[in-house]
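Chains as they are written, first to last, in our numbering: chain C, 1 to 123; chain X, 1001 to 1148.
What the hints contain is simulated information worked out from the structure, not anything from laboratory work. Ideal Cβ positions, reconstructed from N, Cα and C, are used throughout, including at glycine. Heads up, a few of these hints could be off.
To be verified - Derived, one-sided and incomplete: chain C residues facing chain X with beta-carbon distance under 7 Å: (1) 15; (2) 22; (3) 41; (4) 60.
Claimed, not checked - Heads up, simulated EDC-like pairs for lysine to aspartate or glutamate below, C-alpha to C-alpha not over 16 Å straight-line: (5) X:1048 with C:80; (6) X:1054 with C:53; (7) C:57 with X:1078; (8) X:1054 with C:80; (9) C:57 with C:3; (10) X:1019 with C:80; (11) X:1024 with C:80.
What the hints assert, rightly or not - Simulated coverage check for chain C against chain X, where a stretch passes if three residues somewhere in it have a Cβ under 8 Å from a Cβ of chain X: (12) 33 to 40; (13) 44 to 53; (14) 61 to 71; (15) 75 to 83; (16) 95 to 103; (17) 108 to 118.
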Amino acid sequence: MNEITSILLSALAGGVICAAVQLLIDFTRLTPARILVCLVTLGVVLFAVGAYEPLYKIFGAGVSVPLLGFGATIGRGVREAVGEVGLLGALTGGLTASAAGISLSLFLGLFFSLFFRGRAKRM
Amino acid sequence: MDISGQSGKKRLIKAHTPKSRHIKNLSLAFIFGGIICALGEGLLLLFKSIFDEKTALTLVSLSLIFLASLLTALGVFDRVARHAGAGTLVPITGFSNAVTSQAIDAKSEGFVLGVGAKIFTIAGPVILFGISAGIIYGVIYYLAGLLF
C-alpha cells in the first residue's frame, strides 16, 4: 500500500468517526466530556475483543489518532504487561503505555498557563 | 417575485435551517477529523521510517498533543473548534485542548487548587475510565490465560 492510499484511508476513517460523534452531539444530550470518556473506554473494549488491531492495519492513524487509539494504547499496554509480569500487569500496563501522552499534555497545560491567560481575561 | 412567494421561500428556509445546520456540522466534522487523521498518518509514515512502530505511534500522539496545546494557548484552537465540532474534539487534539484550556482558564484561581485541580476536569474522567477499563481487561486476560 503506497503512502497516498494510506493517508486517504486514514482521512476517511478519521472523518467517519468524527462525523458519527457529531451526530451523537447533535441528536443526543451527550456532553463532550462524556463522549471522550466513551471513546477511550470503547478503545479499550475494541482492543480487548480483538477488533482494534485489524482496523488499525487498514486505517492506521485514522483509528489511532481519535481518542479510541488512546484506549487501545491502554489495552495494548495492559496485555503486554500481563504477559510479562502476570496479574500485576493489569495495574501497571495501562498507565505505563499511556504515560507519554498524559505527561506531555499535563505538563504543557501547566507550562502554557504560566504564559497565557484564559477566556475570563479576554472577555 | 410576489410577496406571498417570498414568505413561502422564507418559510421554506426556516423549515430547512435545522437540517442544513446538522448537515453542515456533519460535513465540517468529517473534513476536520479527516484532515487531522491524515496529518497523523503522514507523521506516522515519517516516524515509522526512523523508529519502530510503537515509538512512532507515541510520537504521533505527542506531536498532535503539542500542536493542539500550543494552538489552544494562542487562542487559535477554540476558533477552529467552534466550526469543526467533533472534528477537533474526537482526535487526541480534543483531549490536549481540554487540558490546556482548563489550565489557562483556571490560572486566576491560583496554581494549586486552580490550575492543578482544574487541569483534570476533562483529563481526570478520561484517564479514570480508560485505566479502569484497562484493569478489568487485564484481570480477564490474566484469568483467561490461566484457563486456556
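Here is how each hint holds up against the structure:
1. For residue 15 of chain C, the interface hint holds, the least distance from its beta-carbon to any beta-carbon of chain X being 3 Å, beneath 7 Å.
2. Restraint check, residue 22 of chain C versus chain X: the minimum CB separation of about 4 Å is within 7 Å; hint holds.
3. Residue-level restraint check for residue 41 of chain C holds (minimum Cβ-Cβ distance to chain X is 5 Å; threshold 7 Å).
4. About 5 Å separates the beta-carbon of residue 60 of chain C from the nearest beta-carbon of chain X, less than 7 Å, and the hint is met.
5. Our distance criterion of 16 Å between C-alpha atoms is broken by residue 1048 of chain X and residue 80 of chain C, whose separation comes to about 21 Å.
6. This hinted pair checks out: residue 1054 of chain X and residue 53 of chain C have alpha carbons roughly 13 Å apart, not beyond 16 Å.
7. Of the pairs offered as hints, the one joining residue 57 of chain C and residue 1078 of chain X is violated, with about 32 Å between alpha carbons and a cut-off of 16 Å exceeded.
8. As the CA atoms of residue 1054 of chain X and residue 80 of chain C are separated by approximately 12 Å, the hinted pair is consistent with the 16 Å bound.
9. Between residue 57 of chain C and residue 3 of chain C the alpha-carbon distance is near 14 Å, which keeps this suggested pair within the 16 Å criterion.
10. For the suggested pair residue 1019 of chain X and residue 80 of chain C, the alpha carbons sit about 47 Å apart, so the restraint of at most 16 Å is broken.
11. This hinted pair does not check out: residue 1024 of chain X and residue 80 of chain C have alpha carbons roughly 42 Å apart, beyond 16 Å.
12. Three residues within the 8 Å Cβ limit are the bar, and the stretch 33 to 40 of chain C against chain X gives 6, so the coverage statement holds.
13. As drawn, the stretch 44 to 53 of chain C meets chain X at 4 residues by the rule of a beta-carbon pair under 8 Å; at three or more, the given contact holds.
14. Coverage of the stretch 61 to 71 of chain C by chain X holds. Counting CB-CB distances below 8 Å, 9 residues qualify, and the rule asks for three or more.
15. Here's how the stretch 75 to 83 of chain C fares: 6 of its residues keep a CB closer than 8 Å to some CB of chain X, so the rule of at least three is met and the hint holds.
16. Coverage of the stretch 95 to 103 of chain C by chain X holds. Counting CB-CB distances below 8 Å, 5 residues qualify, and the rule asks for three or more.
17. Figure legend: the stretch 108 to 118 of chain C, annotated as covered by chain X; annotation consistent (9 residues with Cβ-Cβ distances under 8 Å, at least 3 required).
Against the hints set out earlier in the document, violations occur for numbers 5, 7, 10 and 11.
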